[in-house]
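Given chain A's structure and the hints, the job is docking chain B onto it.
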Amino acid sequence: MAGDIPMENFLILSAILFGIGFYGVLARRSAILILVAVELMLAAVTINMVAFAAYLDPERFTGVIFAIFVITVAAAEVGLALGIVLRLFRDRQTAMVDEASDLKW
Amino acid sequence: MGMEHVWLLPAIPAVLFALMGLFNGLVPRRGDFIVILGMAVVVVLSFLVLLDFQGSFRDGHFAPGDSNLYSFSWVEIDTGVVDDLLLIEFSTFVDGITVLMLAVVSIVTLMVMIYSVGYMRGEVRYGWYFAVLSGFGAAMLMLVVSGNLLLLYLSWEAVGLASYLLIGFYWERQTAAEAAKKAFITTRIGDVGLLIGIILLWRGAGSFDIQEIIHFAEGGGYGETYLTVTMLMLFAGAAGKSAQFPFHVWLPDAMEGPTPVSALIHAATMVVAGVYLVARMMPVFDVALVARDVVLYIGLTTAALGATLGLVTSDIKRVLAYSTVSQLGFMFVALGVGSVTAAMFHLFTHAFFKSLLFLGSGSVIHATEEQVVETLGGLRRKMPATTTLFVIGSLALAGIVPLAGFWSKDEILLVLQDGAGFGPFVILAATAALTAIYTTRLVLLTFFGEPKDQAAYDHAHESPAVMILPMALLALLAVIAGFVALDPVGRALGFTGGIGEVVFTQGHEGHAFKLDATIAIGATVSALAGIVLGFIYWSGTAERAVRARQWSPEFHDLLVNRYYIDHLYQFTIDRVVLGLATVVAYFDRWVVNETGVDGSAQGISFAGYRLKFFQTGRIPNYALAMAIGVIVLALVAVGRT
Numbered sequence: 006m007a008g009d010i011p012m013e014n015f016l017i018l019s020a021i022l023f024g025i026g027f028y029g030v031l032a033r034r035s036a037i038l039i040l041v042a043v044e045l046m047l048a049a050v051t052i053n054m055v056a057f058a059a060y061l062d063p064e065r066f067t068g069v070i071f072a073i074f075v076i077t078v079a080a081a082e083v084g085l086a087l088g089i090v091l092r093l094f095r096d097r098q099t100a101m102v103d104e105a106s107d108l109k110w
Numbered sequence: 049m050g051m052e053h054v055w056l057l058p059a060i061p062a063v064l065f066a067l068m069g070l071f072n073g074l075v076p077r078r079g080d081f082i083v084i085l086g087m088a089v090v091v092v093l094s095f096l097v098l099l100d101f102q103g104s105f106r107d108g109h110f111a112p113g114d115s116n117l118y119s120f121s122w123v124e125i126d127t128g129v130v131d132d133l134l135l136i137e138f139s140t141f142v143d144g145i146t147v148l149m150l151a152v153v154s155i156v157t158l159m160v161m162i163y164s165v166g167y168m169r170g171e172v173r174y175g176w177y178f179a180v181l182s183g184f185g186a187a188m189l190m191l192v193v194s195g196n197l198l199l200l201y202l203s204w205e206a207v208g209l210a211s212y213l214l215i216g217f218y219w220e221r222q223t224a225a226e227a228a229k230k231a232f233i234t235t236r237i238g239d240v241g242l243l244i245g246i247i248l249l250w251r252g253a254g255s256f257d258i259q260e261i262i263h264f265a266e267g268g269g270y271g272e273t274y275l276t277v278t279m280l281m282l283f284a285g286a287a288g289k290s291a292q293f294p295f296h297v298w299l300p301d302a303m304e305g306p307t308p309v310s311a312l313i314h315a316a317t318m319v320v321a322g323v324y325l326v327a328r329m330m331p332v333f334d335v336a337l338v339a340r341d342v343v344l345y346i347g348l349t350t351a352a353l354g355a356t357l358g359l360v361t362s363d364i365k366r367v368l369a370y371s372t373v374s375q376l377g378f379m380f381v382a383l384g385v386g387s388v389t390a391a392m393f394h395l396f397t398h399a400f401f402k403s404l405l406f407l408g409s410g411s412v413i414h415a416t417e418e419q420v421v422e423t424l425g426g427l428r429r430k431m432p433a434t435t436t437l438f439v440i441g442s443l444a445l446a447g448i449v450p451l452a453g454f455w456s457k458d459e460i461l462l463v464l465q466d467g468a469g470f471g472p473f474v475i476l477a478a479t480a481a482l483t484a485i486y487t488t489r490l491v492l493l494t495f496f497g498e499p500k501d502q503a504a505y506d507h508a509h510e511s512p513a514v515m516i517l518p519m520a521l522l523a524l525l526a527v528i529a530g531f532v533a534l535d536p537v538g539r540a541l542g543f544t545g546g547i548g549e550v551v552f553t554q555g556h557e558g559h560a561f562k563l564d565a566t567i568a569i570g571a572t573v574s575a576l577a578g579i580v581l582g583f584i585y586w587s588g589t590a591e592r593a594v595r596a597r598q599w600s601p602e603f604h605d606l607l608v609n610r611y612y613i614d615h616l617y618q619f620t621i622d623r624v625v626l627g628l629a630t631v632v633a634y635f636d637r638w639v640v641n642e643t644g645v646d647g648s649a650q651g652i653s654f655a656g657y658r659l660k661f662f663q664t665g666r667i668p669n670y671a672l673a674m675a676i677g678v679i680v681l682a683l684v685a686v687g688r689t
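Just so you know, the sequences run in chain order A and B. Note that my numbering has the first sequence beginning at 6, numbered continuously upward. Note that my numbering has the second sequence beginning at 49, numbered continuously upward.
Here chain A stands alone, though its shape is the one from the complex:
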């Protein structure tokens, strides 16, 4: 399988993906795009886990099972988050998060 490719490559890919996602969360104002960025970070974590599972503990499936869990949870989370975004948009005709600052003092 992935015998020729060293594990570090996967970790680097994961780190880059996480960095992009993190930048997206911090820099984007649109709630939808922030969600997309969060998904990127989750994908980075998932890659990390699958890589560790494949290279460090190939006998068992702990990391893979975790990856499946993360995907499931991410799906549920997106369902919930999109519902919130929808409510936000209905309420104030925008999905920009910095507009939603009513609870600040």
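I should point out that these hints are in silico values taken from the structure, not numbers from a laboratory. There could be a bad hint or two in this list.
DEER-style ranges, computed between Cβ atoms [what the hints assert, rightly or not]:
hint, chain 1, residue 1, chain 2, residue 2, range
1, B, A655, A, I76, 26 to 34 Å
2, B, F635, A, E104, 51 to 59 Å
3, A, I76, B, Q663, 28 to 36 Å
4, A, L18, B, A655, 17 to 25 Å
5, A, E104, B, R658, 20 to 28 Å
6, A, L85, B, G677, 20 to 28 Å
7, B, R658, A, R65, 51 to 59 Å
8, A, T67, B, V645, 56 to 64 Å
9, A, I76, B, I676, 22 to 30 Å
Only some residues are given here: those of chain B computed to face chain A with a beta carbon under 10 Å [to be verified]:
hint, residue
10, K660
11, Q663
12, T664
13, R666
14, I667
15, A671
16, L672
17, A675
18, G677
Calculated Cβ distances over 10 Å to all of chain A for the following chain B residues [as the list claims (entries may be wrong)]:
hint, residue
19, V63
20, A253
21, H509
22, V580
23, H615
24, V684
Backbone N, C-alpha and C fix where the C-beta goes; we use that ideal spot for every residue, glycine too.
Same frame as chain A, but now just chain B:
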């Protein structure tokens, strides 16, 4: 009914107090007859105790074995201080002093209760009055039977409470409410000393049991200074309760209560609790001789002070109150030279003739609704029975042969001469003569001469039989009570050596009565001289007394103003106590409240006001802060490995 069942005596009136205090509205006559019957049972029981006590003599010595003790463990606490166990026992103890006090308390209480049926007829809170009288009886009986100091202290406070309730019985009247407070607070100052004294005694002996403490003290278990301080503390409590200088100020004001209450609590029973306490602890005072000398001189001061003030007071009850203060001083003088016998004998006789005098004054007040002697006069024509009984009581107080007061006062003068020498003896003898003078003045102004207030005189009438009969019985006792001192009478009653054998504390033999002819004749002559002087000054229109007033107006002012002691206390309260209170109030308002409580709240509120601007409401800011936090934590984790 033996001495070990003596706890029944306080138990009966205590139960009646609880029942009658709550349910007096449910029984006919508001339950006065129930309370009186209960006290009558107590009188019978106390005589049974006396019989059992008599039966415990072997070869002329009190040898009861353990039959005069009763106790059970009440509270046990691990303390880690003395023997690791604080044991409080409910215990009763009977000896000569107890038997004598039981007789005095139960008889006088019963007489006063019967008298009250007439005196308090139609008063508000009639049922409550009798309930509290019963409660007082319970507390006082408990006080004299308790065998350990904690139980004694408990009863001590309980009689104080009953006294407070009864002084302030007419609490709608401002002066009565204030007098009740004054009595309670003044005695309370002494009571703090008593409590400290009890704790100090316990700290040494590891027990509250009086007999164990006496044993420990006699064995030299306490250090000398330690014991002196302790006994002075104890005496402060006794002086407060017994209205001794400098605590005497509350007793005259306590006359605001109903007159039967004054007769019971402020003449015969509660105010002698201090005498009883010192007599009970006399073996310990015998070890701390400095403290005993203080008792002597305080008693001497008080006796003279009370007698001189009795000369100028115009309220009939207040004259008797100062007389009580003075006579209590006599008792403390006897205790001060170590003679429990003389003190308890005087307590015994004084209880009867002084309560008789108070009941007589109550009869006058009941008839005329007037209690200032200058407005009375000539009452002997309207109230012959009261007059006769009052005169008997006065003669007993003045110490005329063969009435009760003569024997006991003589005994005190005798032991004083033996124990303290000439100076104190002369002062006390002069005080005894003064007693005769102010007593004569009181009798003359009230019952003889011409009526000064015609309306009060016309209003006067003889009191009903229910009031006269208890007075007659007390008068009988005032006449014959002194005879128990005589050897033949004592033997006839079953006590070898008369009352001198009856009244002693364990391990200390009482001495038989002596009658020193010189002192007896001297005392009689001075008492007669006092009466003659009283007649010269106050008979008729009392013009000589008015002229004597002008002889030294300054001295008269001094007496009328009660040596300015009350003024001094009032000044102290106004300036020192209230001044301190102002400082404390200022501290409380500005330091505790403004700075401490409100200040911290305002500080937090202000900090919140400033710090809230950190919240931008922009999600990226929060996310960035979170990210920085995670990175820092990660760096720390990496750095540590």
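Hints, verified against the model:
no. : hint                          : verdict
1   : A655(B) x I76(A): 26 to 34 Å  : violated (46 Å)
2   : F635(B) x E104(A): 51 to 59 Å : holds (54 Å)
3   : I76(A) x Q663(B): 28 to 36 Å  : holds (35 Å)
4   : L18(A) x A655(B): 17 to 25 Å  : violated (47 Å)
5   : E104(A) x R658(B): 20 to 28 Å : holds (26 Å)
6   : L85(A) x G677(B): 20 to 28 Å  : holds (25 Å)
7   : R658(B) x R65(A): 51 to 59 Å  : holds (55 Å)
8   : T67(A) x V645(B): 56 to 64 Å  : holds (57 Å)
9   : I76(A) x I676(B): 22 to 30 Å  : holds (29 Å)
10  : K660                          : holds (4 Å)
11  : Q663                          : holds (5 Å)
12  : T664                          : holds (7 Å)
13  : R666                          : holds (5 Å)
14  : I667                          : holds (5 Å)
15  : A671                          : holds (6 Å)
16  : L672                          : holds (6 Å)
17  : A675                          : holds (7 Å)
18  : G677                          : violated (13 Å)
19  : V63                           : holds (68 Å)
20  : A253                          : holds (69 Å)
21  : H509                          : holds (86 Å)
22  : V580                          : holds (97 Å)
23  : H615                          : holds (65 Å)
24  : V684                          : holds (19 Å)
Hint check: violations occur at hints 1, 4, 18; the rest are consistent with the structure.
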